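Asks: Let's have the full structure, built from the sequences with the hints guiding it.
Adding 1193 to a residue's 1-based position in the sequence shown gives its number in this note's numbering.
Worth flagging that the hints you see were computed from the coordinates, not collected in a lab.
This one's a predicted model, so the numbers in the text were calculated from it and none came from an experiment.
Take these hints with a grain of salt, some might be off.
[Said to hold, decoys possible] Cut-off 25 Å, straight-line C-alpha distance, at most; resulting in silico cross-link-like pairs (DSS-like, lysine-lysine): (1) K1224 - K1251; (2) K1270 - K1251; (3) K1262 - K1241; (4) K1251 - K1262; (5) K1262 - K1224; (6) K1224 - K1261; (7) K1224 - K1270; (8) K1241 - K1251; (9) K1261 - K1251; (10) K1261 - K1241; (11) K1224 - K1241; (12) K1270 - K1241.
[As the list claims (entries may be wrong)] Okay, the calculated beta carbon distance ranges per label pair: (13) G1223 - D1253: 14 to 20 Å; (14) T1212 - F1244: 27 to 33 Å; (15) A1265 - P1243: 15 to 21 Å; (16) P1243 - R1215: 17 to 23 Å; (17) G1233 - C1256: 14 to 20 Å; (18) P1243 - T1212: 17 to 23 Å; (19) A1265 - P1197: 17 to 23 Å; (20) P1243 - G1223: 29 to 35 Å; (21) Q1209 - P1232: 15 to 21 Å; (22) R1231 - P1197: 15 to 21 Å.
Glycine is no exception: its CB is placed at the ideal position from the N, C-alpha and C atoms.
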Amino acid sequence: MPFPVPAAASLFEAGQSGTIDRFTNEYLAGKLLDIGVRPGSRLRVVRKSPFGGSWYVKIDRQCLALRKKELACIMVK
1194 MPFPVPAAAS LFEAGQSGTI DRFTNEYLAG KLLDIGVRPG SRLRVVRKSP
1244 FGGSWYVKID RQCLALRKKE LACIMVK
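Replies: Right, here's the structure in full:
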């Protein structure tokens, strides 16, 4: 059975979830690591704003609002 290929979290639809594999942006990675978001954390897209400006996600037990550009830097499998 092949391993799942990591995809950007911005490609997920509301209700989809996965495990964070890595970050593609070092600056954003530093900010997320500071608030406790680490590779191996469980990410679930709760909902998107009407015009796609921000996305409401739940990472482990934290609820965050992230921009689509920021979600595109989070690789999830």
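Asks: Is the hinted range of 17 to 23 Å satisfied by the C-beta distance from P1243 to T1212?
Replies: 28 Å, violated
Asks: Is the distance from the Cβ of Q1209 to the Cβ of P1232 consistent with 15 to 21 Å?
Replies: Since the Cβ atoms of Q1209 and P1232 sit about 18 Å apart, the hinted range of 15 to 21 Å holds.
Asks: With a cut-off of 25 Å on the C-alpha distance, tell me whether K1224 and K1261 pass.
Replies: 16 Å, holds
Asks: Is K1224 within 25 Å of K1251, Cα to Cα?
Replies: With Cα atoms ~16 Å apart, K1224 and K1251 stay inside 25 Å; holds.
Asks: Could you see if the CB distance from A1265 to P1243 stays within 15 to 21 Å?
Replies: Since A1265 and P1243 have Cβ atoms about 19 Å apart, the given range 15 to 21 Å holds.
Asks: Hey, K1251 versus K1262, does the alpha-carbon distance stay inside 25 Å?
Replies: 17 Å, holds
Asks: That 17 to 23 Å hint for A1265 and P1197 (C-beta), does it hold up?
Replies: 18 Å Cβ-Cβ, so the 17 to 23 Å window holds.
Asks: Quick one, are K1241 and K1251 close enough, alpha carbons at most 25 Å?
Replies: Given that 25 Å is the threshold and the Cα spacing comes to 12 Å, the pair holds.
Asks: What's the verdict on K1270 and K1241, does the C-alpha distance respect the 25 Å limit or exceed it?
Replies: Status holds; Cα separation ~20 Å.
Asks: With the threshold set at 25 Å, check whether the alpha-carbon distance from K1262 to K1241 stays at or below it.
Replies: 13 Å, holds
Asks: Given the proposed pairing of K1261 with K1251, does the C-alpha separation stay at or below 25 Å?
Replies: Distance ~15 Å between K1261 and K1251 Cα, so the pair holds.
Asks: Given the range 15 to 21 Å, decide if the beta-carbon distance of R1231 to P1197 lies inside it.
Replies: The hint (15 to 21 Å, Cβ to Cβ) holds, given that R1231 and P1197 are roughly 19 Å apart.
Checked against the numbered hints listed earlier, the structure breaks hints 16 and 18; every other hint is satisfied.
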